[in-house]
Every structure is written in structure tokens, then in C-alpha cells.
Amino acid sequence: MIAPVESRVARWLRCPEKTCCSYYTVFITGDDLTRIARTLSVPPWTFTAALPCGPDDFGAFALDTSDRRYRAALVRLQLEEGSKPFCTFLIRASDGAARCGLGAGRPATCRSFPAQLVDGAIQFATEGCTCDWSHVTPDAGDQQLLRAEEQARERYTHFVATWNEYVANLNRPAELAYPDFCRFLLDTYSA
Amino acid sequence: MSDTCATCTGMCCYDVIVRVTGYDAWRIKQAQALQFEQFLTAGPDEPAGQGAFLLGSERRALYLGKNAANERACTFLMHLPDGFRRCGIYAERPTVCTVYPMTFTNGSVALRADVRCKAANWNMATITYPYWRRNLLEHLFESHVYGIVAERWNETGGKNGGTLPGYFAHVERCFDSIDALRSEIGKESFDDLILHWQQPAAEGDAQGRVADFLNEISSICAR
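Quick mapping for you: the protein sequence lines, in order, are chains A and B. Residue numbering for the first sequence follows our numbering, starting at 1 and increasing by one per position. Residue numbering for the second sequence follows our numbering, starting at 1 and increasing by one per position.
Honestly, the hints are just simulated from the structure, not real lab data. Watch out, some of these pointers could steer you wrong.
Said to hold, decoys possible - Calculated cross-link-like contacts (lysine-lysine; reagent style DSBU-like; alpha-carbon spacing at most 35 Å): (1) K29/B with K66/B; (2) K29/B with K84/A; (3) K187/B with K84/A; (4) K187/B with K29/B.
What you are looking at is a predicted structure, and each value in this text was computed from that prediction instead of being measured.
In isolation and in its complexed conformation, chain A is listed as follows (with noise of 0.2 Å):
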């Protein structure tokens, strides 16, 4: 028998559990922030978190002159003591099923799971992913989203090493927050 043929997405989107969503801590991009945050007119330090970082890391900002950096990441829920903490975007039909609340908005590399580029090719990393993906392979369109990703990051990474060099050059004790960082964006990204 021939399995059926599903997209990456038809696949994802029909899964009850999204482990990714509870797996992963998805650390998202300047662009990703202030999207969602406009759609849902909700302020963005609600429903993401500085969480700490290598200074390496990609898209890692400073709060004070020190070496500490950060990354923005979106909040995730713990419910009861001892169970998983999900993404706080994560919502169930009646019967327990997952789906993804921020649907078309969500951030670039949710919307990409599980493709990744390698050396300009194609892979799926399925990694805390509990879906069979043996019959489903990527597609053209994947390439363009990946490829559009790649550039949001890179612009991020300009917009962070700006907002990083505005810090180091702070000349009085750094009294920042992470709602500052985001404030930021917020400007930037709107320019």
C-alpha cells in the first residue's frame, strides 16, 4: 500500500500532542516579537522572557555593561507541580488535542519545524518530536521559508549588535530591563 502524501505543515498541524511546543524553549527574533505582539495587542515582555545566554549565542543582548547577555524566548506554562511546562501560545481542543494559538503568526522557526538548513540543504531534525515523519518530505516552499528566515535572523542580529553597542556606551550604572530591550524592537521594527 501507498502511504498518502501530507505537507510539513498538514502533518504538524493534525498532531494532538505538539511535543515541540513543550520540548523546546523557542528562542525567537526581533521580528517574530513585534508581530505577535501587534497582532495580539499584548505587550511583548508578557509572553516572552530574557532567559541567559552565551555571549556567542545568536541573538544575545546586553542589559548593563557587564558580560551578562540574554536571549528572548517565549514564556512557557506549568500547570500543575511536576508536569511539563508548554508554550504559553498552546491551546486544547476539548478532547485534549494541541494546536498552536498564534495559527499563520507564530514565530518563523515554529513555522519551519522541523526543516533546517544544512550546508544549503534540507533536513528535518525531529529531535522530542513524537510524530512519525518518515512519509513526508520537504518541499520547494520550505526552502523559501527557511531562506526567509535565515535573513529575518540576520537582520535581528544587526538590530541586536546596535542595541548591544548602545549599552556598552551607557556612561552612567545601567538601569535597564528587559522591557526596554523590547521597547527597542518595538521602534526599530517599525521604522
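Fit chain B to the supplied structure of chain A, relying on the hints for placement.
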């Protein structure tokens, strides 16, 4: 979203039962790759409205299910930090949600008397009237279309010991065809149809086109 929505705490999605049309249900099913059973309930037709369907001798209506995390909330409501609540199916939410909190009062767009959010948040001098009017007319139109779909069921399957899975199959079959018909008509022409469907026949041939569309639907759903 409008600025008014920035302060929204989702009270319209709490402690209310959201009655949906067949096309609402069909769109959500398609967009979210869910089965009807996963997000709908078939409750009593109270208060009586359009789209009531028979299961044996009982008149039922379709309602959105309740939230797994909070049974006072709609199943699709996202609970965000700091008390923010937002719709998790915003792009394909039911038309009754798109028109909230407006209604027609004496033929004009007006705030509902039973509005659950702060009425003062809605500045009736500055709201975009054509947007609300169009959405309200669409909601009325969809309700009317769904009424035809349900009536065709009631004339056949419902009377003869019809089951809920049987009704869901009827709804899916009808709206597969209705959606195809809408695509055939085209978005611009369909919008025009919605805007004129309640105007008197003297307003041109819009009434005739509406009648043709509704007759076609009636015919599709009787097959």
C-alpha cells in the same frame, strides 16, 4: 486588532455559550485540522434560533466546547501571563465573535445592551461603521444559510432517528459544496451579495442573485 482590544480581558469568551453556524464550524475544522466532535457540543436550541437541527424529537444547536484548563472559558481561549486573554483561532473565529459587541438596533450599528466588556471602551463616534456593518450583515447571512442547511436535514435525516455523527456528515458535505460555490462566485461578488441581501428588490438585481444563491444551497443540501 483595534486599540480597544488592547485592554480586552476576554470576558466575551467567559461564562457564555458561543452558538456557531455550520460555516463557522466548517472553517475551524479545516483550518485547525480537527474533527467536529473535538470542539463542538450539540446543546438545546435555547433560546430558539436559526440552525436548529433535529436529533429524533429534540431540537439542538451547535456550540463551541469549553476549555480543558478552565471550564468557564471557550475552548479556544489562550490564557496569557499578566491576565491577558486572546482568541487562539482569531483568523477563523465564528462570525458571532467577529461582530461582538455590536448589533443592529433599528437598522443601525449599535453597542449591545448586554456588553460584557467596559462599554466606555467603545467610542461609538469613532468606530469604523462600514467594518461593523459588513461583519454584522455577514453574520446574519451566514446564520440564514445555516438555517437552510439545518432545515434540509430536519426534513430528511433528523426525523428518521438521525444521529449527531450523521448531522456532522451532512454539515460537512453541504459546506464543502457551499464553500466551492463561494469560491466560484469570487470574494468581491460575494461581499457585494452580503451587503445587499436585505435591501428591497428595487435596489437592483442583488436580491435576485441572493435568491439564486440560496436556492442553489437549498438544492445542494437536499441531495
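Exercise. Can you list which hints this structure breaks, lowest number first?
Worked result: When the structure is compared with the hints, only number 3 turns out to be violated.
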